[in-house]
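2 protein chains.
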Amino acid sequence: MSPAPIELTPIGRVESPLTDPGDAPKQGDEGAPDAWLVFEPAVLDGLDGIRPGDDILVLTWLDRAERDVLRVHPRGDVSRPPEGVFNTRSQHRPNPIGLHRVTVVSVDDRRVRVRSLEALDGTPIVDVKPVLSGDPDER
Amino acid sequence: MSPAPIELTPIGRVESPLTDPGDAPKQGDEGAPDAWLVFEPAVLDGLDGIRPGDDILVLTWLDRAERDVLRVHPRGDVSRPPEGVFNTRSQHRPNPIGLHRVTVVSVDDRRVRVRSLEALDGTPIVDVKPVLSGDPDER
Numbered sequence: 002m003s004p005a006p007i008e009l010t011p012i013g014r015v016e017s018p019l020t021d022p023g024d025a026p027k028q029g030d031e032g033a034p035d036a037w038l039v040f041e042p043a044v045l046d047g048l049d050g051i052r053p054g055d056d057i058l059v060l061t062w063l064d065r066a067e068r069d070v071l072r073v074h075p076r077g078d079v080s081r082p083p084e085g086v087f088n089t090r091s092q093h094r095p096n097p098i099g100l101h102r103v104t105v106v107s108v109d110d111r112r113v114r115v116r117s118l119e120a121l122d123g124t125p126i127v128d129v130k131p132v133l134s135g136d137p138d139e140r
Numbered sequence: 002m003s004p005a006p007i008e009l010t011p012i013g014r015v016e017s018p019l020t021d022p023g024d025a026p027k028q029g030d031e032g033a034p035d036a037w038l039v040f041e042p043a044v045l046d047g048l049d050g051i052r053p054g055d056d057i058l059v060l061t062w063l064d065r066a067e068r069d070v071l072r073v074h075p076r077g078d079v080s081r082p083p084e085g086v087f088n089t090r091s092q093h094r095p096n097p098i099g100l101h102r103v104t105v106v107s108v109d110d111r112r113v114r115v116r117s118l119e120a121l122d123g124t125p126i127v128d129v130k131p132v133l134s135g136d137p138d139e140r
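Keeping their order, the protein sequence lines are chains A and B. Take 2 as the starting number for the first sequence in the numbering used here and just add one per residue. Take 2 as the starting number for the second sequence in the numbering used here and just add one per residue.
Derived from the structure by calculation, the hints contain no laboratory data. Glycine is no exception: its CB is placed at the ideal position from the N, C-alpha and C atoms. Take the hints with a grain of salt, since some may be wrong.
[Stated by the list, open to error] If you want a taste of the chain B side facing chain A, the calculated C-beta under 8 angstroms gives, among others:
hint, residue
1, T10
2, L48
3, P95
Construct the entire structure; sequences and hints are all you get.
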């Protein structure tokens, strides 16, 4: 029996100078530009407390990924043997959720500016979480 | 205009002694038990290369969370002022995706045993990713 599907609702979109998948770095710290996270008006209360300097995790929906791929060459490097997609950060996977750790530069009403995001312009945002302190007493 | 919804397909489920939400710790390193990740037969090739000792990120769908909550008291502590859910790790949020960093204990055909997972028994799994090395040359 196949499991029942789950429905996500985008909470916003990425606005970025990155428009060509061929230009996108594989990870944010590999030369990605700053970008805006533009949120839906309905979820703005959820951003309360996010401030410049915060480290956040942005979860996106990689809408240009392939969902029927289970093995890839890591980092697209054909000299490396194929591995299971769950052992790589390939965008291609059954549920292409992107996970991006970024620093907040500024917060402007419904937009949050972040440093070094490798997601393409127009990518849907599905969640934002704070980076957890390693010390439970600081959570 | 509301954005178009996105459909996720569960790739497996958590098997855990944790069945009562009231017993679940807030984070894995706050006393959570070991658990099995049980994968759908159709995605097993995607696990190729995952080995005991690996640190992985498990993304789940927190199916017992509320989706219409935008402000919460952090960690449910009413002595702390409410904050936006995107500035907390509350399970309650528009798209309740759980993010769990765990260590693989063993791999057994379609099951992966992991250390200290706070997700409840039966929670759908939607993605698995390796923890990235901080050094791009090791990725």
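Here is what the structure says about each hint:
| no. | hint | result |
| --- | --- | --- |
| 1 | T10 | holds (6 angstroms) |
| 2 | L48 | holds (5 angstroms) |
| 3 | P95 | holds (5 angstroms) |
Every hint, counting from the list given before, is met by this structure.
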